[in-house]
Amino acid sequence: MNTSEKTNPKLSLELYVYEDDFFEKNHITELSQLIPYLNTPKKFWLNIVSHDENLLSGIAEIFAIHPLALDDIKNKQQRPKLEEFDNFMLLVTKMLYTKSNISNIHSEQVSFIIGKNHLITVQEDEFDIFDGVRIRLENPAGKMRKMGPDYLTYTLLDAIIDEYFILLEKLYDRTEQLEDQVMVNHHKSLLSAIYHHRKSMQEIKKIVWPTREILSAWKKSESPFLKKKTFPYINNIYEHAVEIIENLEMQRESIATLLEIYMTNISLKQNEVMKTLTIIATIFIPLTFIAGIYGMNFEYMPELQWKYAYWVIWAVFLLATAGMITYFKKKKWF
Amino acid sequence: MNTSEKTNPKLSLELYVYEDDFFEKNHITELSQLIPYLNTPKKFWLNIVSHDENLLSGIAEIFAIHPLALDDIKNKQQRPKLEEFDNFMLLVTKMLYTKSNISNIHSEQVSFIIGKNHLITVQEDEFDIFDGVRIRLENPAGKMRKMGPDYLTYTLLDAIIDEYFILLEKLYDRTEQLEDQVMVNHHKSLLSAIYHHRKSMQEIKKIVWPTREILSAWKKSESPFLKKKTFPYINNIYEHAVEIIENLEMQRESIATLLEIYMTNISLKQNEVMKTLTIIATIFIPLTFIAGIYGMNFEYMPELQWKYAYWVIWAVFLLATAGMITYFKKKKWF
Amino acid sequence: MNTSEKTNPKLSLELYVYEDDFFEKNHITELSQLIPYLNTPKKFWLNIVSHDENLLSGIAEIFAIHPLALDDIKNKQQRPKLEEFDNFMLLVTKMLYTKSNISNIHSEQVSFIIGKNHLITVQEDEFDIFDGVRIRLENPAGKMRKMGPDYLTYTLLDAIIDEYFILLEKLYDRTEQLEDQVMVNHHKSLLSAIYHHRKSMQEIKKIVWPTREILSAWKKSESPFLKKKTFPYINNIYEHAVEIIENLEMQRESIATLLEIYMTNISLKQNEVMKTLTIIATIFIPLTFIAGIYGMNFEYMPELQWKYAYWVIWAVFLLATAGMITYFKKKKWF
Amino acid sequence: MNTSEKTNPKLSLELYVYEDDFFEKNHITELSQLIPYLNTPKKFWLNIVSHDENLLSGIAEIFAIHPLALDDIKNKQQRPKLEEFDNFMLLVTKMLYTKSNISNIHSEQVSFIIGKNHLITVQEDEFDIFDGVRIRLENPAGKMRKMGPDYLTYTLLDAIIDEYFILLEKLYDRTEQLEDQVMVNHHKSLLSAIYHHRKSMQEIKKIVWPTREILSAWKKSESPFLKKKTFPYINNIYEHAVEIIENLEMQRESIATLLEIYMTNISLKQNEVMKTLTIIATIFIPLTFIAGIYGMNFEYMPELQWKYAYWVIWAVFLLATAGMITYFKKKKWF
Amino acid sequence: MNTSEKTNPKLSLELYVYEDDFFEKNHITELSQLIPYLNTPKKFWLNIVSHDENLLSGIAEIFAIHPLALDDIKNKQQRPKLEEFDNFMLLVTKMLYTKSNISNIHSEQVSFIIGKNHLITVQEDEFDIFDGVRIRLENPAGKMRKMGPDYLTYTLLDAIIDEYFILLEKLYDRTEQLEDQVMVNHHKSLLSAIYHHRKSMQEIKKIVWPTREILSAWKKSESPFLKKKTFPYINNIYEHAVEIIENLEMQRESIATLLEIYMTNISLKQNEVMKTLTIIATIFIPLTFIAGIYGMNFEYMPELQWKYAYWVIWAVFLLATAGMITYFKKKKWF
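Residue numbers (my numbering), protein chains in the order written: chain D, 64 to 397; chain X, 64 to 397; chain V, 64 to 397; chain E, 64 to 397; chain Z, 64 to 397.
Bear in mind the hints are in silico, worked out from the structure with no lab data behind them. We treat Cβ as the ideally placed atom computed from N, Cα and C, and that holds for glycine. Be aware that a few hints might be false.
[As the list claims (entries may be wrong)] The calculated EDC-like cross-link candidates involving lysine to aspartate or glutamate, where the alpha carbons are at most 20 Å apart (straight line), are:
1. K137(D) to E146(X)
2. K162(E) to D243(E)
3. K139(Z) to D225(D)
4. K282(E) to D135(V)
5. K262(D) to E232(D)
6. K291(Z) to E147(E)
7. K139(X) to E232(V)
8. K262(X) to D135(V)
9. K292(V) to E82(V)
10. K332(Z) to E335(E)
11. K392(E) to E335(V)
12. K262(Z) to E316(D)
13. K268(E) to E309(Z)
14. K393(Z) to E335(E)
15. K162(V) to E226(V)
16. K179(X) to D191(X)
17. K268(V) to E302(E)
18. K332(V) to E335(E)
19. K206(E) to D194(E)
20. K282(V) to E226(X)
21. K283(E) to D194(E)
22. K139(D) to E146(X)
23. K139(X) to E302(V)
24. K233(D) to E266(D)
25. K262(D) to E226(X)
26. K268(X) to E226(X)
27. K283(E) to E232(V)
28. K269(V) to E239(E)
29. K139(X) to D225(V)
30. K370(Z) to E362(D)
31. K338(X) to E335(D)
[Stated by the list, open to error] Counterexamples of contact, computed for chain D against chain X with all Cβ distances above 10 Å:
32. L78
33. P104
34. F126
35. D221
36. L241
37. K251
38. R261
39. E285
40. E312
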């Protein structure tokens, strides 16, 4: 296979070669340029911002990546996972972010191939969030220069999980906003908003849950690619993942209660409507009947001729109304 | 037992004999034809598309299959399972597919008898999905020719689980369709649709859940019939099963919420109906009463003779109506 | 203690003595008849169809049954259990069956005392379902003659669990029947039916759940009374128990959803009723008011003298009605 | 510390000293009387019916009870627990009983200090239920005389757990009573009754759950104070605790369903009320309108002069009513 | 780094140096004052009431605290955790309290750095609850003087967890208050109160849950910083944490039921309102229609001239009313 032929001209891989006292940034335009680094004693990080099939196949050939690992990297729907192979460790996770509003969560896959001396990352798009890591790598006094590719993976994962927290914050604001609305508003659109909010939380949980698992596996792993020295760091981000999940779970429960409260609120509203109707109808329907009686045209209706009949009937009207109102007051309908 | 006698004339077993550098496809019409292969050093795959009792008993006799294993294969209601016997491993699973719509899921049993050098599969119907595996087996450069019957089992299982994903996709589309309908439609048939959708998901989970278990058992198995080399592959489809279950669980939660939202929506609708009634009744019932008063036939009703009484009463009507409307506006019933 | 004295004259124990090439069925009328068999090298099965206190105490004395085991056997409310004692294994389970309809589940206790060479079963009533086992035991070519009392226990348990499946089938039919009814019927009795159906399922689960546990314990047991050779058989019925529990769980979920759907259906029905009332009231209440106006008896009501007033008012009636109907059509209340 | 000084004159401790062939019951009035027994080779049971601080501190000093254990014994809100100390085992549990009705459950703490050769029990009140144990202890042929203080603890625990079953029975009766009421009665007080019934069940579970845990810990314990010989007995009461919890769980589920059924029942009732209103209103409101038309006083209303108009209008009334009734019949509102 | 320069002038650290027979309390105003104590064989407790970044960094430098531990201490949102480092153990937890009402829970972070011979605590504010510990430390006869920094940690944790119980008590009172209100009151504000009460419980659980985990980890820990002798004490507060969680769980369930009961109560209220309306409307609407008939102005209405017609019609009115009331009585609507 002639790899240089297949890769497209826009090929742009960043290669960071580093040692305690050495740093070099290379722009790779042909895969063959990578070959000299294969047996270097120096550590390097190859950052690939592309999911081009040919490119990835070329990389896989150069670095002897197992076909199953390659499949996982290529498959953009891959569930987060950690798997050990003979010559490297594969870690796949997702970057989560929103462009505008929280009900629209984007996810992009990031794969880490962690070797003894090198790290290869494959992502779909350029992220700003990795810039901080690059800057720290250039700093000769920084810890990263002394540590291996597993520590570098940690710093990148840490950047990703920090983004999850930002998302979580936005979700939390949305939950609070929905809480406020539920207490005052009964519009139908609120139902749909609650439903989609719940789905957003599910989307995040779907990613964070397996991420937590892989961090837990890392902590217990005895792989030669994951050094014991980075374990406290991994534990740190593992705890972050646990915290995110607990938070989502709490919000999920809140949302479920919110839906119940919304429903109860609607019933309360309906109660109020029904009470209004019942009060008015209960007062006036009997009165209308009484008025109807004296609207009948029978020839022999003695009351009609009585002098004060009209005023008596008014008294009846007023007394009946007063009686009803007293009854409703006693029943606390007002 | 004279096996050739019992088996019906339509007997059609496919026997694929293969080695790294050898491939032969035989059509078996008499069970006795199988005997020469029993001690062959070559690997072979015997594909049986039938649940004919006699045929299966004949096969069991030839390959020394334990009676319990034979019972499991014959019983079409068998729950997916993995069980080790002295001379083989039994794996039973289900093929799931829909012919027309998603609420109609068919399941067909597929049993795998995994020996040291051979694989026997028993299925009810011919599936297209196994064709791909057959083609790969004919390919002399393919991995399958080098690997044992456990790898062959993996590729067949992989094909089956890919079908589950297609089903999951259809289920997901149906969930989204129901979501859209719940927001706009209150027809009773929707209830029944939601109920049957939930049952479909249960049906799939009932199959995938034990499938996940058997894949997990395979991963941990120390059976001589399952080689360590195929474990990464099994892990791959194990992860698929996990993903399907997580997805079903998420959809199940969504459907539960959907039902609540549907119910809340009906209450909202009812609220609207009640408000309309209450507004109309609350305005017109008192007015009708007032009109009724002046429809009474008392002889002495001074207002009746007043010149502008009729216009005054109209003013009362209009003012009362305006007052009511203002009240309802204040209560935000409009 | 003189055991022969205490046992009542109706004493009828069946004793089956068997070997690979030997079978003898004895009818025991006095407990002392059992003593010769205590040290026989032959295997035997003693079937006791009685919970008579004295009889059981006599048996316990003869076979040196621990007092706690005896208590468990005597107590008809005993939860299914498996417990090892020095000289035997105690297994208590329940036979479940319905006489007429599914909402009336009977349970009868069956206890197994599994010794090295003998099995004692204690049951309350004669069951037909054990007849099959007796016939197989008489068959000299049968497997049962070769296997020990643990295998005999398995075949009896298998017969019991097959009965559970029959019950499950009936429950399933009842669930489907309730499903159909919920969609068309709103009668109050349905509520009670659903409630009692749920309780029936709980009753079964209460028995099958610990049965599953004891089968699981058997599988892991290292008791000398349970031979490794019977483990695949036990695994078989263990899987049946798992399947029953999963099925009950699925049906339980279905029933819960059914209740929700029933409730939603009632709301839908109520919506329909309310709409009818609202449409009629909203159309006719205002019209009645208008008619009421012109039924007033004021002296000065110019419209009353207008020639076409009556036809004009009819036009108003018709227009108002048409307007209302249009409004309701727009709101999709029809 | 002068213990005799601090203890109040009402001090009444029962000391039972026993051996296989020895039994002595002493009434202790001064703590110093206990000292001779400290190094006796005989077994003894000291029963303290008091939570007097000074008394307990005195006892703690004599028997070298760890301050934490003393705190647990003194604290009447202590959660049931089992804890091993150097010179004894502490077991704290609760006695549960009702004086009058089931919604009023009392709990009293019972603490067991299990030494090598002695048992100290601390309870708040005298219980009748321990009398049976005392009688069995006096019986020279009884098992209790042969066994150690752990077996004595078992018999006392057994008596306590038997009381739980009596409570459970009462709870069950109450559940059945609520079931019957829910089907026929819609009184508001039922809601409150269901709520308090659920709380009663919670109260019991709160005690039985940790009791189950401590029995489970006992079974697995390797403490020198708990002999292997008593394990089958402990297993027995452990199973009782499991059964109580399963039963409570089943009742809890039933009560949850009951509440749903109650709610659905109210909706059904409301449906019936609404139907009555709708039928009456839908029939008579239009008729009243028609009557209202011919009650208008327009001068030119040709129908009024028609000879048979009145009979025609009656025909209209009757036809309209018949039509409506037919419509409602078709809709199955009757 | 010149630490004395960075720390602000308000620096106020309390240093308690203690031995079995030694106690000294020092007020530290410059970090450099701490240096002599670093290698003292005496035990000391350094209490820092500040989260000042510079101060904490200075402390970290002096005591060689791992950067990750420092991050955890500084981050006030840190989830409770227990982590072992080379030279110390880090325990982070939260102090919970309410200033006025229970729906307003404050949390403040408390970090413990447990070394071999010293304890450093970092808190945000001065708490009264630690005063008791200080007094016990000054007492030369107290246990605390003999035990190490882990026991000191226990006493401080115990004080914190006692505060949780006070909170729990308040929550419980609030739950009971809500229970009472739900039975009599249907005000909308109750919904919001229930919702916020649930959130308060979540807040506490969020803290207590991981606290329980860290206490459980402590119990199993084999760290050199946690001595076996303090394990019974830790077990004690571990049990308190378990009890708090169980209690919260029980209250959470109660609140969920409460919400359902509130909803059912609203339905009951609505039923009552609807019945009132239906009774009045069903009685008077038909009567009004009858009155309307005889209010019609047809020329030929024979009944109008009948002498007793008016009385007959009154009889009809009364009979119809009596009939209706009988019907409603039979239906138990009164």
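Here's how the hints hold up against the structure:
| no. | hint | verdict |
| --- | --- | --- |
| 1 | K137(D) to E146(X) | 35 Å, violated |
| 2 | K162(E) to D243(E) | 24 Å, violated |
| 3 | K139(Z) to D225(D) | 16 Å, holds |
| 4 | K282(E) to D135(V) | 19 Å, holds |
| 5 | K262(D) to E232(D) | 16 Å, holds |
| 6 | K291(Z) to E147(E) | 14 Å, holds |
| 7 | K139(X) to E232(V) | 16 Å, holds |
| 8 | K262(X) to D135(V) | 41 Å, violated |
| 9 | K292(V) to E82(V) | 17 Å, holds |
| 10 | K332(Z) to E335(E) | 16 Å, holds |
| 11 | K392(E) to E335(V) | 15 Å, holds |
| 12 | K262(Z) to E316(D) | 10 Å, holds |
| 13 | K268(E) to E309(Z) | 11 Å, holds |
| 14 | K393(Z) to E335(E) | 14 Å, holds |
| 15 | K162(V) to E226(V) | 12 Å, holds |
| 16 | K179(X) to D191(X) | 27 Å, violated |
| 17 | K268(V) to E302(E) | 17 Å, holds |
| 18 | K332(V) to E335(E) | 11 Å, holds |
| 19 | K206(E) to D194(E) | 16 Å, holds |
| 20 | K282(V) to E226(X) | 34 Å, violated |
| 21 | K283(E) to D194(E) | 30 Å, violated |
| 22 | K139(D) to E146(X) | 35 Å, violated |
| 23 | K139(X) to E302(V) | 15 Å, holds |
| 24 | K233(D) to E266(D) | 14 Å, holds |
| 25 | K262(D) to E226(X) | 25 Å, violated |
| 26 | K268(X) to E226(X) | 14 Å, holds |
| 27 | K283(E) to E232(V) | 40 Å, violated |
| 28 | K269(V) to E239(E) | 18 Å, holds |
| 29 | K139(X) to D225(V) | 16 Å, holds |
| 30 | K370(Z) to E362(D) | 8 Å, holds |
| 31 | K338(X) to E335(D) | 10 Å, holds |
| 32 | L78 | 28 Å, holds |
| 33 | P104 | 29 Å, holds |
| 34 | F126 | 17 Å, holds |
| 35 | D221 | 25 Å, holds |
| 36 | L241 | 14 Å, holds |
| 37 | K251 | 6 Å, violated |
| 38 | R261 | 6 Å, violated |
| 39 | E285 | 17 Å, holds |
| 40 | E312 | 12 Å, holds |
Going down the numbered hints, you'll see the structure goes against 1, 2, 8, 16, 20, 21, 22, 25, 27, 37, 38, while the others check out.
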